[in-house]
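J.: Given next are the chains, with one letter for each unit.
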Amino acid sequence: MTRRRARGVAWNTLGLGVFVVMVFPVFWMISTAFKTDDQVNSFTPTWFSTTPTIRHFTEAIHRPFFWADVKNSVIVVLVTVVIAMALAFLAAIALAKYRFTGRKAFIVLMIGVQMLPATGLIIPLYVLLARYHEVNTLSGVIVTYLTFALPFSVWTLRGFIIGIPKDLEEAAMVDGSSRVGAFLRILLPLVAPGLVATSIFTFITSWNEYIFARILLNDQAKETVTLWLSFYLGTGRNTDYGGLMAASTLVAIPVVIFFLLVQRRIAFGLTAGAVRG
Amino acid sequence: MVAVLGAILGYPIYDLVRLSLQRYGLFELIQHHGVYVGLHNFGSVLHDAVFWHTLLRTIVFTAANVGLTMVIGTLLALLLVRISTWVRILLTAGLVLVWAMPQVVAVQVWTWMTNSENGVVNYILTELHFGNYFEHNWYVSPFSQLALVTTLVVWGALPFVAITIYAALSQVPHDLVEAAEIDGARPWRVFLDVTLPVIRPVLLILTSLSILWDFGVFTQPYLLIGQGHIVPANYLMGIYLFEQGYVKADFGRGAAISILMLAIVAALSVVYVRKMVRIGDVE
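Residue numbers (my numbering), protein chains in the order written: chain A, 1 to 277; chain B, 1 to 283.
If you're looking for bench data, these hints aren't it; they were derived computationally from the structure.
Careful: at least some of the hints might be erroneous.
Output of the computed footprint for chain B on chain A, the stretches with three or more beta carbons under 8 Å from beta carbons of chain B [claimed, not checked]:
id, segment
1, 125-136
2, 168-174
3, 179-188
4, 224-232
Since the structure is predicted, the reported quantities are computational estimates derived from the model, not experimental observations.
From the three backbone atoms N, C-alpha and C, an ideal C-beta is built for every residue, glycine too.
Same shape as in the complex, but just chain A:
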């Protein structure tokens, strides 16, 4: 019994050790953001600042283009989410409820596109958007993000719709509900959690996206906030790490909050099929 106890303590200690190592970078980011410049630049690190300051945060938000780029990110994210949800919902219904020619080809295409590394598509998308004068515009970025948000959203929503028994919808129609009524009153509320989860996931990926924003946007006033952060250090010799960490924290906060809300669903969605298959 004591041996088992000792083993339990050993495992728990190991678990705590892993926790410390994994979380350390996040802790270090937040901790640095609140330090004074002297503490940041010192050769001996200060683990916790006993004299925290929010000066780095106020400096970061007053940097040129911070608010303009936050606004750009918000526009891109919101428009992408709204369009993606509307289209993906309809496509998911078609895919889950109706058999049509080319259904299998469609599934292959959808999963295939999802599997392509984004890097592989920068060239054709850039040329295509240049042809329609959509380079260096937010609308061009939105169209690009849709090509990635749609397959994932359709696939995830399809899983939610399949879970709804057909009888429910039929019962509503037998009771005198129209097709639209059955859709609004039965299908929509049941799929709502799926819609929430998928939109948040789309929100996060669009907010975080880097490479397409990098090649499509080349005007500081039109950049997204992720790009803004990537250029933070610039080429100056004196690197302002306190400011960089404060800016990093600010960019990460919205993502972390939303991510915590849906993490379970997404983790499930990505592999649920795999486990069941």
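Assemble the complex: chain A is given as a structure, and chain B must be docked to it using the hints.
T.: This is chain B only, laid out in the frame that chain A set:
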């Protein structure tokens, strides 16, 4: 509806193939059409020594990253099963927090932690007596740079892998494990004969996904090594494509590189796609 979606998703790929057969530079970009040159772009890429070196480097990089991610991820999942509830909740919360970190943010944190003047990594390694890392420069050689990128990529990928495997572990029948243990089977044998067969499908999917992600990785190496320090000696496939196609504005050649890259990735991920298609078909 479906046709429209198919067109939206399929058109870039059609465009990619057409582009790869054309001479398409800045001039053609303004003119909006390229000049047909047959397989010239492919020939030029396949005769480029940098392409082959980059390919080899990327394969080694991918193997190292996927290997580390899967092995450590599995160990973490097994650890999650063994620890008491409160440690598990704490560790899971920590993993989810790491998972939520945007890549660009993580890169900036790495830059700060590993800077040669007063990076905390050098400090900790020195304090723990791993050697004298005072003012050690991690960005001095391609190997060291890519090793640093590996730590960043693996750190970011671990939460998803560990939590997914942990979920799969809950499907391992308890009595079977106990029976094996009573029969005197060693932990390693229990894992191989009882646990592994149950979680194999999940491991397969995760490995395929990791290969796809790591083979095409761009953001982490590009930003961590730093735009100004990207040279052919530390190219990975994604960066080679970016430099040759986009930066040099040789879009036809870039398209050829993309197709070669996509073909390699497609070959690597056939397992995953087939499995997912089967699921989509059955239901």
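J.: Okay, which hints does this one fail, numbers in order?
T.: 2, 3
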